[in-house]
Amino acid sequence: MTVPLIDIRNISKAFGGVQALAGVSLDIAPGEVHALCGENGAGKSTLIKILAGSVTPDSGEVLIGGQPLQVGNVRASEDAGIAVIHQESVAFPHLSTYDNIFVGREPKTLAGLWLDRAMMRRETKKLLDRLGEHFDPSRSVGELSVAQRQMVGMARALSRDCRLLIMDEPTASLSARETEVLFKLIRQLKSDGVSILYVSHRLEEIFLLADRVTVFRDGKYVGTKLKTEITQDDLIRMMVGRELLQVEGMVKSETEHPGGEVMLDVRGLTREGMFRDVSFSVRKGEIVGMAGLVGAGRSEVAQAIFGAMPLDAGVVSVAGENLRSGSIDAALDAGIALVPEDRQHLGLVLPMSVGANLSMAVLPKMTRAGLLASGKEEALAGEMIRDLRVKTANARVPAETLSGGNQQKLVIGKWLATRPRVLMLDEPTRGVDVGAKAEIYKLIREMANGGMAVIVISSDLPEVLLLSDRIVVMRQGRVAGELSRQDATQEKVLALAMLNANTQ
Amino acid sequence: MDATSTISMELATPTFSQRLWQLAARREYGIAIVLAIIIAGVTTKNHDFLSGENVRDILIHCTQPLIVSCGVMLVIVTGEIDISVGSALALLTAVLGWLASPTHYHWPAWAAILATLALGAILGLINGLLVTLVRIPSIIVTLGMLTMLRGLTVILMSHPRPDGRAGDITDMPYSVRFFGIGKILGISTSLWITAIVVVFTALLITFTPLGRRIYAVGSNPHAARLSGLSVTRVKIFTFMFTGFLVGVATIVTQLATVTSGLGQGFELLVVTCVVVGGVSISGGVGTMIGVVLGVILIQIQSTVLIFLKLGTNAANWNQAIQGALILIAVLIDQVASRGEKRIGGGH
Amino acid sequence: MLLLVLIALMLTAGHLEPKFVSSRSQEGLLSHVWDLAMLALPMTFIIITGGIDLSVGSMMALTSVTLGKLYIAGHHPLWLAILAALCVGIACGLLNAIFITKVGVHPLIVTLATYSAYRGLAEGISLPEIYSGFPDWFRSLGQNTYGSLQLIGWLFIIAAVFCAIVLAKTPFGRSIYAIGFNETAARFSGLKVNRAKVIIYTLSGLAAAIVSINYSGLRDNAQANVGLNMELDVITAVVLGGTSIFGGRGRILGTILGVALIHETREFVGWHYHRNEYVPLVVGALLIVAVAANALLMRRSSRT
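If you're matching them up, the sequences are chains X, E and C in order.
Take the first sequence: its position 195, counting from 1, is numbered 195 in my numbering, and each next residue is one higher.
Take the second sequence: its position 216, counting from 1, is numbered 720 in my numbering, and each next residue is one higher.
Take the third sequence: its position 193, counting from 1, is numbered 1044 in my numbering, and each next residue is one higher.
Here chain X stands alone, though its shape is the one from the complex:
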């Protein structure tokens, strides 16, 4: 094997106590297409950001062509020949295509004072031709389709002499024809000696393109295999080989099929560009898990059910009554609660006190003669802190002083106070330590046993399997399948979430 172009050694990075990467190493040879796989949260995007220079690792080093790379510096990474094509295009919607491609390193004439527009236009035309796109380079990027924007990002990366091209889910928004063009380009770049780090969930693409595959799991390096050594099933096994968290007293629901009546029923939910024709139902006392990859549209469906996002089509009903769509008030009145994924921005008002956050959804009930009765608030806070085992000095400290797990309990507590009939939890244990995780699992089960209809959205497969009575798997905005508890295995869920029906 030749000297690697890029050598990533022992990189670690933690974000606020969560270890995103723990001593991972990876090397890529010149002209190699190297695929990087792993479940959501495996640390792939953190590694990309480190290579791009927008995140500084806590430890470890990166060698490129034998030279150490100055980490945490966008310019240094660019100069070293690393280019990134981001998943969501980072573009300037109001600027023309060629401006987007050259901004920051514009070709100049007249002693550097003047833009060389002719050259920018010419070069852009060439780049777009290479990508099989034939639109006018002076069109502004905001007017382009998602796929065309993706191509502009690609052209921007190609416009510099890069040695390593990082592609993060490049085909997510491309059609079959565009994907073909992209693959041809990748092979061409490869023959020119450019290395490619290809991050994708689409296993068939990986087996089509890659020379080698590296798998990350929970921020740790699992292994690197030659494509010829393994099968798709092997690869899935490497990705899911995660241990089930042993939770004492963690019980599944008493009955196989909870006998309650249907509490939440959604039919044909559609929002253009996000999800389409999503239907499922949840019974009283049942926990339904929603599995799928990031971007499959699960959070969006939950927000739509909660009324925080308007619908283009479809009906949400609770206990047989249809709700007005796009209205949080209607959802709340019907007894729907949502513990959102992004608790820092959507779930909590961090600078406000623990008590104030717990009472936020039931403020009208906390009053005596129209005034907030601190006694009632304290009673509620005390009850929730005790029941949910929230670790906090008292109810008056700001919510931001609590740990991730305890903050999550606050969000859950806030909604429990409303006595909801339907509780949706989006990634309830993300960024939560193991001990708190177990407690949150127990809480969720208790709530279901108490008669609530519960939806748990999670990218953590063992978690979904552990908690759910039934699992709905989403892929690319649609329901890809439903699995009963007995049928569900990690492999089956992942296969539904990742593979196209025709390749199974």
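Do not rely on the hints blindly, as some may be mistaken.
[What the hints assert, rightly or not] Capping the alpha-carbon separation at 25 Å, the derived lysine to any residue pairs in SDA-like fashion look like this:
(1) K125(X) with L714(E)
(2) K1043(C) with S374(X)
(3) K49(X) with P725(E)
(4) K437(X) with Q490(X)
(5) K953(C) with L332(X)
(6) K1043(C) with E321(X)
(7) K1020(C) with A373(X)
(8) K376(X) with F1023(C)
(9) K1043(C) with H345(X)
(10) K126(X) with F711(E)
(11) K49(X) with L733(E)
(12) K227(X) with Q490(X)
(13) K953(C) with H345(X)
(14) K953(C) with D333(X)
(15) K1043(C) with G998(C)
(16) K376(X) with C1014(C)
(17) K920(C) with A1015(C)
(18) K225(X) with L189(X)
(19) K365(X) with T1021(C)
(20) K49(X) with V559(E)
(21) K108(X) with A706(E)
(22) K1043(C) with Q476(X)
(23) K1043(C) with P725(E)
(24) K953(C) with E300(X)
(25) K227(X) with G31(X)
(26) K1020(C) with T401(X)
(27) K492(X) with Q476(X)
Quick caveat, the hints were computed from the structure, so don't treat them as lab data.
Once you have looked at the hints, place chains E and C on chain X.
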């Protein structure tokens, strides 16, 4: 073909309504049409409206706001705002008067003018530094400056002069006033200067790297940083450029008399012109032609009111019409961008 | 902390100009501090939600002109004119609120536009006229003191106590803070964000109307330049009073101290230098320094 590719195919072909929205978003066409209707309408009622003299009057009426609009436009394109230009105009005019007036310091015209321009740029620099480095919202910084600079002007104007008197300056020398009332090749100097500023700004934003970066910063500050641009430097430049142009606007002033109340409400006039001219207050969008048309549209209305012979009090409605025009402009903006988002053009 | 500044200022002032504190033109001066204070109450709510209202001065002008036009020029009964002025104030505030909540335009732009529009309307309706000739009882209503305070003073005290209780002790007040800290989370918690905004911007219009009616009566003078530059003083007072321009923090007591501080500064600078020209300079500088200090403190606290 899978779900996402179907969706993206749908997006690729613009629908009729999408085209309509895009056209509505091209503010220049809208204003040009409105202007044409107004001019045609008023001319049929009163044929003198398009007389050479009246056209010249209207254009000269546009010079000050247009010059300053060139700067404020760039500030707004980066996503900031500057409402201190009215007070800055007053202060700079007072300073220019002090320096140039024979009964004051009686500097030569060129020195007084250079000092005024430099002071303008320095005021802009102060705004820029407070916004970028101290990170105070630009509305607050320039609101504070609006008050302070007005105060300074009053102090300056009430300060006794070398000859012991105080009050308005009434003897601006011709060598300075030449830039306002003089003529070159039969055309007013102030129009020449305005044309130079407009052409310079248009070239700056279209043909230089700096100009493109101003738009990039306003369009997507996060992506600008990822592309290695210095958002701070770009923003400071736009504030300084604005300050400098206030200096230029001071010099094309027509007045022989300088009073401390000068330029009151000027900042809002300029913001109105710029916003009506299609510069988006959320940054990244705006054209020079749009701003020029915006200034003419706003400045023509007072003449229109006179020419329609609605009575002497008609001019009192000027400010109300201005305010209504901004509201209408933002309304169109929001509706248009909502329409675009519905179709999936958002980002 | 602000209280300390105020006391320090009073002491310095007293030291420099003993007559300033003792003789007290203070009492006479106090009369128009109430206008500022009254407007600062709704502005405190607005700034705590992260918004701003630049149109208060213009709303004063429009309500003042409404009053004058109807009573003096239109010979309508005074009660009707007052009622109409109050309605105009409420309508102005409501229009701001609708643009902010329904159209979704930033409050800064909305109220910048209505700042022009409302005063422009006032000018268009009234100029070149200045209305005077209000009945004596109406003028004395505003001028007379009732147990050492003028009517507007008592009104302010009642309103301030009410606002302080609402802000600190009711679900509505709690939602105001939540909106300022994190509007999305507030929405996701089921708080009625739009309703809260409509209420506070409308109240701002109502307060402008009340102040303007009192002002016009007091000076027997209703015209289009009433309340010119008032918004700057009001915002400066609220921000000086510790309300964060970034939203989420602020108290009514702070605002009262802020009003007092700005008022004392104003009077002292005017009195000491016998020059009112210095006042805007000092007020503008106070605003920038107060917000800069706020920004720097916020940054430090967020770093830890």
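- [ ] Go through the numbered hints given earlier and state which of them the structure violates, listing their numbers in rising order.
- [x] 15, 17, 20, 22 and 23
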